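Peer 1: This is what each chain is made of:
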Amino acid sequence: MPQVSMTVNGKATSGDVEGRTLLSSYLRDHLGLTGTHVGCDTSQCGACVVHVDGEAVKACTIFALEAEGAEVATIEGQANADGSLNVIQQAFQDHHGLQCGFCTPGMVMSAAALLKDNPKPSEAEVRAYLEGNICRCTGYHNIVKAILAASGQDVGAIAAE
Amino acid sequence: MYNFEFEQPGTIAEAAAALGSEDALALGGGQTLIPAMKQRLNAPGTLVSLSGIAEMKGVCLRDDGALSVGGGTIHATVAAQAGAHYPALAALASHIGDPAVRNRGTIGGSLANNDPAACYPSAVLGSGATVVTNTREIAADEFFQGMFTTALGEGEIIVEVRFPIPEKAHYEKFVQPASRFALTGVFVAKYADGVRVAVTGASEEGVFRWSEAEAALSGEFSAAAIEGLSVPADGMIGDLHGTPAYRASLVSTLTKRAVAAAH
Amino acid sequence: MPKDSGIGASPKRREDVRFLTGAGNYTDDINVNGQAYVHFLRSDVAHAAIRGIDTSAAETMPGVVRVFTGADFEGVGGMPCGWQVTDRHGNPMQEPPHPILAQGKVRHVGDPIAAVVADTYEQARDAAEAIDVDLEDLPAVVDMKSALAEGAPKLHDDLTSNLCYDWVLGETDDALVDKAFAEADHVTTLELTNQRLVANPMEPRVAVGTYERGTEDYTLYTTSQNPHVIRLLMCAFVLGLPEHKVRVVAPDVGGGFGTKIFHYAEEAFCTFAAKACNRPVKWTSSRTEAFMSDAHGRDHVTKIELAMDKDNNFTALRTNTLANMGAYLSTFSSSVPTWLHGTLMAGNYKTPCIQVNVKAVFTSTVPVDAYRGAGRPEATFQIERVIDMAARERGVDPIALRRQNFITEFPYDTPVALTYDTGDYNGTMDKLEAAADIAGFAARRAESEKHGKLRGLGINSYIEACGIAPSNIVGMLGARAGLYDAATVRVNATGSISVMVGAHSHGQGHETAFPQVVAEMIGIDESQIEIVHGDTSKIPFGMGTYGSRSLAVCGSAMVRATEKVINKAKKIAAHLMEASDADIELKDGVFSVAGTDKSVAWGDVTLTAYVPHNFPLEEIEPGLEETAFYDPANFTYPAGAYACEVEVDPETGKVTIERFSAADDFGNIVNPMIVDGQVHGGIGQGIGQALLEGCVYDENGQLLSGSYMDYAMPRADDVPFYTVDHSSQTPCTHNPLGVKGCGEAGAIGSPPSVVNAVIDALQSGGNEVAHIDMPLSPARVWQAMNG
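Protein chains in written order, with our numbering: chain S, 1 to 161; chain U, 162 to 424; chain D, 425 to 1211.
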């Protein structure tokens, strides 16, 4: 069985995998990092978004072996060093940007990728960027609001504050 | 999905050799292939990942003025790097799939699959681009041979796509509400020697050139020039998301919009 | 100033921290030592007779533990229906058996034929491919009208037809209804479809069954909204297991929206197979599998007629609906088109004569059951669409027409079996008119027209009945379960409190909102209170979360249990302070004797309860723990008014939602932030129904919209920011908190306003379009304009 090695949230990991082992499966089943969720099988829902070498990818649509040697970041590694929520996570809590929590890891990872490239996105840019992240609970209102807030923009004027 | 041997060659030559074995299949970004494999629609014995081949990645301007895009270049790279030379191509790439898909999906993978609703085939056909493989060069007009069918031979690898840069161009995409693929998309490119109009998402034959519009636009490049022109509904795709007549209507509407927006 | 704690405050949700850090514990995150995996071989045809199943090759495949077929479940019960509807002639509905694995026939694409348990999931799937099933195709039964036609192929051979029931509510005398219509000055008639939807909680269903040989204890971990209901149904009706030997755990659940209420075959299978294989058995649904095995929602075809007098007063309403049950009766399927739909046909209006007829039909499709709103969206859509159409036909303002016919005096007995306890429909409409800036619409329309777009404004009212429901009444109506809920308030010696509740939180924020209530009652910090839910071994027998009932029903039980705790604590405090019980006051967590400066703190009393050295042991027992069951006296009746503004691209038919405003009356509100969030989510789903979503079968019963490639889920760029106002409040008169329920309102109230807005836009552009069936996809809108 092939072996794969990668750095996940700053820690070196390795394991025996099959060719067909998806990165999402490696994270969940091999490493026990169950924060990365799988919500569909057509690469659309985005619950599994992680960062591979700094870029957002759908962990259910990349084989573990394709991430050989990569730096992988998951939701479990997003909090600040002291364990407190990072700016994006905190904004999601402050603005009620999650309900059932299932899509949330992917939303947070996508939001982080967006803000890295576009530190002050417009509302339309946030909505467009979330094309690959489906949420069934929030109607997106508070997710968009949370991401705008995390970017340091004033969201006080947005309806239903 | 079925299990397979995974290989990740570092050169085109190695990849070609690996693809020579029985039941071997090339893996580009996997954004279409992996979901298909999850449904057990493919059973490759060996999956040959092309993502480790540095010589197949990147965007650059060739000496002949064409834009070269490596076959293994992800959509995000084209979106970020093609803009200075070919803004319509960069814009098209920036609306394929979603951001995470664009970080994996490649132009070569998209073209080899030739999904009838994919965006890239319209740019390649609309630009009269050349698809360069490990063995030959294929003109866009020869490359696309109907839904999910191309001129590629067994094990042939798209290593590069060369886009002649037009004076003006624009891709107008109307999304299918669920998949966000093109319900219909029209790529219009104006070259010194004429205008090309390529339509994706609409036809049962896959991407096609709308020659009637090309002729009219080559005479006068304005939305008014194609007022009243339409493609026949016959042969257009009819499905949950639109009838053939609707798609035919979109072809006209989107072509006009693409012409108006071309720059 | 907003409060910062207790009832009416919006503290940050405590559950968020685990969800935001990847530390949630969803069912698929649970792995039990030694577990095997099951893969279900499902029918790929809609209707066929099973002539034979050969599992011999599969049984020898690598890793295979055991292969099950329907034959392994002979003598085991089938999946039960929890509500027996009585038809218009007094006969019980036709109720076909629903086996765990198909027996004799398959009746929809996705119907499970066999199940392979193996060491790995992929091995199970490999072996399933080696099962040889001999199917003899039978004609699919897809269209409801055809299914009821004379000589139609029967889905269930033992039934007389594909008709489940023919049910009538309201005025049963056809002649009286005919007379009301004959005397009308104007009748508006609308035929419409409320399309089939798939609930699509983002977490697919999962079940893990375990069995301990030594103790004969079973545990089922499952993605459920109501673990006690699952345990009762599975033990009593399906597997015949002793309830006390079965534990059902629903841990963090990634959304439900109704589709995780029901008891599913996969749950019973994993429990059964855990013993049969002597190994834990796990099933994780893929999304593809979910599309063909999760109960679907809606799917009504309706003709509605509204009669008006010369002054536009509503005089009669008649509605005839075909309701799709799918191939089998899912847990609450039969109640949705009847008691959750027909009873709402009065809407917010004082229409004196109403007749509702529903024919429920079996078809070779996935079973249909409750989905967010469950019957009330179907009722609201009909009423609010036909009123909008009537306003156009009569040339009157749609808001004025509604106001003129609003019920304004309460309590109000409707002609369709409900008593609305309270409401203020003009009040919410006033709030809506302000929130939606309806006065500014004309200017916005002019602006849109400058850009070549058609702009429309749609409004509607809605009312719903939730907080389901008085057990004695629902029992008379056919429910086979009680619909109370329960809470245990366990005060610990140090004063902190665990509240064990029957309600289940799968996004609703109970862990944050419920403590606000208890904290307010006792006067201690919310952080001292923990909510325990989702595990039958820990919580009292409550009925779970659906029908917007958690706070109204379970919250009421929690209030009652807390009252009992306070009463007992006062007795202890009285003893400690040598005063009379009646003189003890509790404020801010301190007990004091009225008119004196004597006091003892909450913590002193709770410690005394568990260290009863100085304690009135002859009068009361030590300890401080109370349970209450609460059975509501009536439904609650949230109501409101919604407005939607759309732009339509006349060339492509593309509809864009430009503004969406909601004014709801939820009575008293415990956590406004969470209530806003519930409304947002409901509106998102309502917009999804109106514009995007539709589950479609072809004539052969093949599911055309079987993945997110064809089933359009709303995305962030499909919706705008919403304006939500819930300041118009008429508290519920019969529960202790005066709360009504907010979970479904958004999904109930929003679809008609979207459709009304699109029709308004098209008519403003000179298109004589009276109605378009949902979803109003670009293609359908274009077709309506170019038909």
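For the record, the hints were derived by calculation from the structure and aren't laboratory data. In this text, all values refer to a predicted model and were calculated from it rather than measured experimentally. Heads up, a few of these hints could be off.
Heads up, incomplete: computed chain S residues facing chain D, CB under 10 Å, no partners named [as the list claims (entries may be wrong)]:
1) 1
2) 11
3) 14
4) 33
5) 39
6) 108
7) 115
8) 126
9) 134
10) 135
11) 140
12) 153
13) 154
Pair ranges (Cβ atoms, derived) [what the hints assert, rightly or not]:
14) U:308 / S:3: 38 to 44 Å
15) S:157 / U:203: 47 to 53 Å
16) D:875 / U:308: 46 to 52 Å
17) U:352 / D:870: 37 to 43 Å
18) S:14 / D:636: 31 to 37 Å
19) D:1124 / S:3: 45 to 51 Å
Computed cross-link-like contacts, EDC-like style, restricted to lysine to aspartate or glutamate with a CA-CA straight-line distance of at most 20 Å [stated by the list, open to error]:
20) U:218 / S:154
21) D:436 / S:154
22) D:427 / S:94
We put the CB at the ideal spot given by N, CA and C, even for glycine.
Peer 1: Each hint should be assessed against the structure and marked as holding or not.
Peer 2: The hints, checked one at a time:
1. Nearest Cβ of chain D to the Cβ of residue 1 of chain S: about 13 Å, over the 10 Å cut. The hint is violated.
2. Hint status for residue 11 of chain S: violated, given a least beta-carbon distance of 14 Å to chain D, over 10 Å.
3. Given hint, residue 14 of chain S at the interface with chain D, is violated; its Cβ is 21 Å from that chain's nearest Cβ, farther than 10 Å.
4. Given the 10 Å rule on beta carbons, the hint for residue 33 of chain S holds: about 7 Å separates it from the nearest Cβ of chain D.
5. Against a cut-off of 10 Å between C-beta atoms, the interface hint on residue 39 of chain S holds, since the closest Cβ of chain D lies about 5 Å away.
6. Of the supplied interface hints, the one on residue 108 of chain S holds, with its beta-carbon coming within about 7 Å of a beta-carbon of chain D, less than 10 Å.
7. For residue 115 of chain S, the interface hint is violated, since its Cβ never comes within 10 Å of a Cβ in chain D; the closest pair sits about 15 Å apart.
8. Annotation: residue 126 of chain S was flagged as interfacial toward chain D, and the flag holds, the nearest CB pair being 7 Å apart, inside 10 Å.
9. Of the supplied interface hints, the one on residue 134 of chain S holds, with its beta-carbon coming within about 5 Å of a beta-carbon of chain D, less than 10 Å.
10. Given the 10 Å rule on beta carbons, the hint for residue 135 of chain S holds: about 7 Å separates it from the nearest Cβ of chain D.
11. For residue 140 of chain S, the interface hint holds, since its Cβ comes within 10 Å of a Cβ in chain D; the closest pair sits about 4 Å apart.
12. Given hint, residue 153 of chain S at the interface with chain D, is violated; its Cβ is 14 Å from that chain's nearest Cβ, farther than 10 Å.
13. A least Cβ separation of about 14 Å between residue 154 of chain S and chain D goes past the 10 Å threshold, and the interface hint is therefore violated.
14. In this structure the supplied range 38 to 44 Å holds for residue 308 of chain U paired with residue 3 of chain S, their Cβ-Cβ distance being about 40 Å.
15. Distance hint check for residue 157 of chain S and residue 203 of chain U: the Cβ-Cβ separation is about 51 Å, which falls inside the suggested range of 47 to 53 Å.
16. Between residue 875 of chain D and residue 308 of chain U the beta carbon distance is about 36 Å. The supplied range of 46 to 52 Å is therefore violated.
17. Distance hint for residue 352 of chain U and residue 870 of chain D: a CB-CB separation of about 41 Å, consistent with the stated range 37 to 43 Å.
18. Between residue 14 of chain S and residue 636 of chain D the Cβ separation comes to about 35 Å, which falls inside the hinted range of 31 to 37 Å.
19. For the hinted restraint 45 to 51 Å between residue 1124 of chain D and residue 3 of chain S, the CB-CB distance of approximately 47 Å keeps it satisfied.
20. Taking the CA atoms of residue 218 of chain U and residue 154 of chain S, the gap is near 40 Å; set against the 20 Å cutoff, the hint is violated.
21. With a C-alpha separation of about 19 Å, the suggested pairing of residue 436 of chain D with residue 154 of chain S holds against the 20 Å cut-off.
22. Distance check on the hinted pair: residue 427 of chain D and residue 94 of chain S sit about 16 Å apart at the alpha-carbon level, within 20 Å; holds.
Comparing the model with each earlier hint shows violations of hints 1, 2, 3, 7, 12, 13, 16, 20; every other hint is respected.
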